[in-house]
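*Asks:* The lines below spell out each chain.
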Amino acid sequence: MSLTNEYIKQRLSEKFGDQIPGYEEPAGMLTFEAPKEMNLKVLNFLYDETDLQFRFLTDICAVHYPGQTGRELAVVYHLHNLEKNVRIRFKVFTGIEQPDVYTATGLFSSANWMERETYDFFGVNFVGHPNLKRILNVDEMDYFPLRKEYPLEDQTRTDKDDDMFGR
Amino acid sequence: MEVTPTHTGDPFPGEIHHTPGGGILVSKMDQVINWARSNSLWPLVFGTSCCAIEMMSAASAKYDWSRFGFEVARATPRQADVIIIAGTIVNKMAPVLKRLYDQMADPKYVVAMGACATSGGPFFYNTYSVVKGADHVIPVDVYIAGCPPRPEALIHALITLQEKIKSGMTREQIKMEKPENSF
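Chains A and B, in that order, give the protein sequences.
When we follow this note's numbering, the leftmost residue of the first sequence carries the number 1, and every step to the right adds one.
When we follow this note's numbering, the leftmost residue of the second sequence carries the number 1, and every step to the right adds one.
Calculated from the structure, these hints are not laboratory results.
Fair warning: there could be bad hints in the mix.
[Stated by the list, open to error] Cross-link-like lysine to aspartate or glutamate pairs, in silico, DMTMM-like; alpha carbons within 25 Å at most:
{"no.": "1", "chain 1": "B", "residue 1": "Lys132", "chain 2": "A", "residue 2": "Glu149"}
{"no.": "2", "chain 1": "A", "residue 1": "Lys36", "chain 2": "A", "residue 2": "Glu6"}
{"no.": "3", "chain 1": "B", "residue 1": "Lys132", "chain 2": "A", "residue 2": "Asp139"}
Full structure from sequences and hints, please.
*Replies:* Given below as C-alpha cells:
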C-alpha cells in the first residue's frame, strides 16, 4: 500500500483529532501545524508507527512572521520516509518573547546542528538541547540576524561613496 | 608564427666574466636570494569561495601556473611562501586566516584575490558577517580586481609579486630587519 497524503492525514487525525488544526498540500507536499508543546508527540508518532516511519529529518529551519502577534516564529521540520520516499512538512509556531520549543535531539541526532543553526539565526530556544550555542556566526554576536527586525536598504540614500569604499 | 615573449622576467642577476676553463660570476647576495625566492613561490591554498575555482583553473593544464614557479601548492602554512586569499573572509574565518598567516615561515607574501578579499565586494553593504577586506586581518602585497578574476589575472598578480620580490624587500621585511623603526 502506498503512503498517500490522505492516509497520513487520516492517521494523524485519528491520533490527534482537533489538535492539528488544518492540512495543506502546497506543491503536493503534506503540510500541517501543531501546538508547540506537542511537537515531540507528533514527531514521535510519525517516527514510531510502523505504517508511517518518518525516520529521516531532512531539515529544521525557522521563519519570522513579524505581523503575527503571539506566533511570530515558525519552526519547520521536513521529514522523510526513506522506504516509501514520501516527504512531509510539519510546523510549530511560537511567540518571539519566549521562543521555547522542545528539542528533537532525543529522536534525531541530526537535529543537534540544525537546531543550533536555527538558534543562531532566529533565536529559537530549544529546551533540552545538549549544546545550544552559536554554530555559524561568531560567538560574540548579540543579535539574531535572520529575524525581520532590520530595515531593508534605503534606495534613496546618498552617503554611499563607492570610490572610497566607506573606509 | 614567431612568438616574442614580453614577460620573461629579469635574467639571473649579475655579470658573467668568461675566463679560460669556466667563468666568474659577479653579483650581490641579496639579489641572488631575491631571484631564488621569486622563482619558487609555494602558494598556500586558501580558497573560501568561487575565486578558488579560478585558482584551480590557473593551476591546471590550460593556464598552468607552474610555468612561472608556483606549481607546489601546499595545504599547510608551514611549507608555503605566499597565501592566495581566494574568496570571502567572514568574521568567523578571520582568526583562522590570521593564525595561518602567523604559522607561515618568513619571508611570506599575501595575494588578495577578487572583490571579496580586497574590500568585501558584493557583501560590502548591509552585512552582518563579512570582513570588509582581508587587509583588516593581515597585510596584503598584491590585490586582484574581479569577481571572480580570470586565471590570467591571478597569474599576472603572481608575476607582479615576483617583480616586487626581485626589486627588494617588502615593507614588512624592512620593518623586521630594523625593529627600532617599527611602530
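*Asks:* Each of the hints needs a verdict: does it hold here or not?
*Replies:* Now the hints, each set against the structure:
Restraint check for Lys132/B and Glu149/A: the C-alpha separation of about 23 Å stays at or below 25 Å, so the hint holds. With a CA separation close to 23 Å, the supplied pair Lys36/A and Glu6/A stays within the 25 Å bound. Only pairs whose Cα atoms come within 25 Å are accepted, and Lys132/B paired with Asp139/A is accepted, the gap being roughly 19 Å.
Every hint from the earlier list agrees with this structure, and none is contradicted.
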